[in-house]
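Visitor: Take the sequences, apply the hints, and build the full model.
So you can see what is in the structure, the chains are spelled out below.
Protein chains: 2
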Amino acid sequence: MPKIVVALGGNALQSKDSEPTAAGQLEVVKKTCEHIADISSQGYELAIVHGNGPQVGRILLASEAAKEVTPSMPFDVCGAMSQGYIGYHIQQALKYAMNMRNVHFPVLTVATQIIVDKNDPAFANPTKPIGPFYSEEEAKALEAEKGYCVKEDAGRGWRRVVPSPLPKKIVEIDAIQDLWDSSIVISCGGGGIPVVENMDGTLEGVAAVIDKDFAAELLAEEVGADVLMILTEVEKVAINWGKPDQKNIDHMDLKEAVRYIEEGQFAPGSMLPKVEAAMKFARNYPNKKAIITSLDKAIDALEGKTGTVITFA
Amino acid sequence: MPKIVVALGGNALQSKDSEPTAAGQLEVVKKTCEHIADISSQGYELAIVHGNGPQVGRILLASEAAKEVTPSMPFDVCGAMSQGYIGYHIQQALKYAMNMRNVHFPVLTVATQIIVDKNDPAFANPTKPIGPFYSEEEAKALEAEKGYCVKEDAGRGWRRVVPSPLPKKIVEIDAIQDLWDSSIVISCGGGGIPVVENMDGTLEGVAAVIDKDFAAELLAEEVGADVLMILTEVEKVAINWGKPDQKNIDHMDLKEAVRYIEEGQFAPGSMLPKVEAAMKFARNYPNKKAIITSLDKAIDALEGKTGTVITFA
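First to last, the sequence lines map onto chains A and B.
Taking the numbering used here, the leading residue of the first sequence gets 532, the next gets one more, and so forth.
Taking the numbering used here, the leading residue of the second sequence gets 532, the next gets one more, and so forth.
Any given hint could be a false lead.
The list makes no distinction among identical chains, and a pair is therefore deemed to hold if it is satisfied within one copy or across any two copies.
[Said to hold, decoys possible] Within a straight-line C-alpha distance of at most 30 Å, the following computed DSS-like cross-link-like pairs (lysine-lysine) qualify:
no., residue 1, residue 2
1, LYS671, LYS562
2, LYS682, LYS598
3, LYS598, LYS767
4, LYS699, LYS682
5, LYS836, LYS677
6, LYS534, LYS786
7, LYS562, LYS598
8, LYS778, LYS836
9, LYS534, LYS699
10, LYS598, LYS547
Simulated from the structure, these hints should not be mistaken for lab results.
Values in this document were obtained by computation on a predicted structure and should not be read as measured data.
Guide: Rendered as structure tokens:
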């Protein structure tokens, strides 16, 4: 059966309409896992990657807010914590949903480091806002004191920004590959804990955010997946989105995708990285495909009935 | 080669003399992992279990202190976060230390749930203090509002107390067993995330602390380990500890251990659970042994030169 790496977006983990509590997350995760268990029980072999934006932001927020009572945690550690938090909920809910379908695979979360290149141009231009809002004065003080890069965020205050480098190598890939045949592995959560490789061979966590769709793409390459499936809120990628002439796309080849990107059809930080990750997979594997669709349409999309399919040509 | 489950105590993760920062933890963990890599490079097959008391306490503390800005996290989630945090540091440092010895196993952290019995008598008598200190008024309010069990803590203020039930089943055991031959697995961190099994088969996180030495013992049973090795601050277990007639113990059989316990030789919450976990292993496997020693004496202890060995008879 096809091997599929599934990338779960924020809507698979938390509802926009409810409080961002752990109980709220677990409720949404349970519904998400019903869908994933459906896919698995069709016989597809799965691995799961998930985002962590809101969660790691809140872990950092709590850590900063409490710094008078306990030392605040660096951002790489906050990412590791978010992997534990989200992975725990997914593995708990997915194992149950699988049991209910009489499918008995181990389901487990692997804490995952991903090596990024110190010379990635992203480090010269941090763009990803994280953590709390500050006044200009506080922001400048943090800049001076801790070397944070801070930017004014659309009139809402100042925020720390970190780079978003590309993932180069999944440190725990051997174990993830070993587990593939027997288990459903949840890995590379939040795009992985970003680490750089020092001259002496040590790894060192850095304050950065790897896009989870690019991390999922890298995982799909390294496990030899047949399909990279990026799940989001919409059934299909659209051009002229939200306009009267909106058009949903069934299939894009690389040439079309490039044209749409040049037209500015896909929002940076939202649909654009998903399309770019899908393109990267299609570029590297002309005989394979990437799919962007919604969770509830995933099986239909795998059967070729819906979703946006991205292929080389 | 012998299969060994190693349980790391708090001193393997954080120094008492330095600030409880992430950087401080990483520094101690790096030294710890040099020792573990030494053991592994002797050919012993290892799995690692670690404590999380101070870390999960601080995660909870930060979460509670920041509750006005972001919802506080339940205790099971704090435990999952601590597994990510500590596991990340260990897997990073241990992989490096192994590489330096030209030993190339995957090293990975598995988020681990452990089922406890709802009817465990510990639930009727919570004893384990967690999180911040409160005034009596705050404590009583939390008791009324959230159903926390609160107790006065030796004149230092009021604290929430949670039960410390025995571990019954490691949920992710199949995957941990699969990984044994190829990898060094860090699992059951902090004694595992405690969950109960509901009537409908769902698992549910509970506010409880499973002793990490008992979790390590259960893991040792389930993977068929030859040795349960509990690492702590002292080279040997002692009786009449700190007194002029202190006597270090080279070997205890179950009968002797029971006598010492009856004499009150081992401090509850400190040496007592280690000795009890060791006794449980020895009781179940009359041909195997448990060892209690310090990190730097671990290899000597495995070679029979030091440490306290606990066997059936």
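Visitor: Taking the hints in turn, state whether each one holds.
Guide: Status of the hints after comparison with the structure:
1. LYS671 to LYS562: neither (43 Å within a copy, 37 Å between copies)
2. LYS682 to LYS598: For LYS682 and LYS598, both the intra-copy (22 Å) and inter-copy (26 Å) Cα distances are at most 30 Å.
3. LYS598 to LYS767: Classified as neither: same-chain Cα gap 43 Å, cross-chain 38 Å, threshold 30 Å.
4. LYS699 to LYS682: within (27 Å within a copy, 50 Å between copies)
5. LYS836 to LYS677: Result: close neither inside a copy nor across copies, 52 Å intra and 49 Å inter.
6. LYS534 to LYS786: within (26 Å within a copy, 55 Å between copies)
7. LYS562 to LYS598: between (35 Å within a copy, 27 Å between copies)
8. LYS778 to LYS836: within (17 Å within a copy, 75 Å between copies)
9. LYS534 to LYS699: within (21 Å within a copy, 34 Å between copies)
10. LYS598 to LYS547: both (28 Å within a copy, 19 Å between copies)
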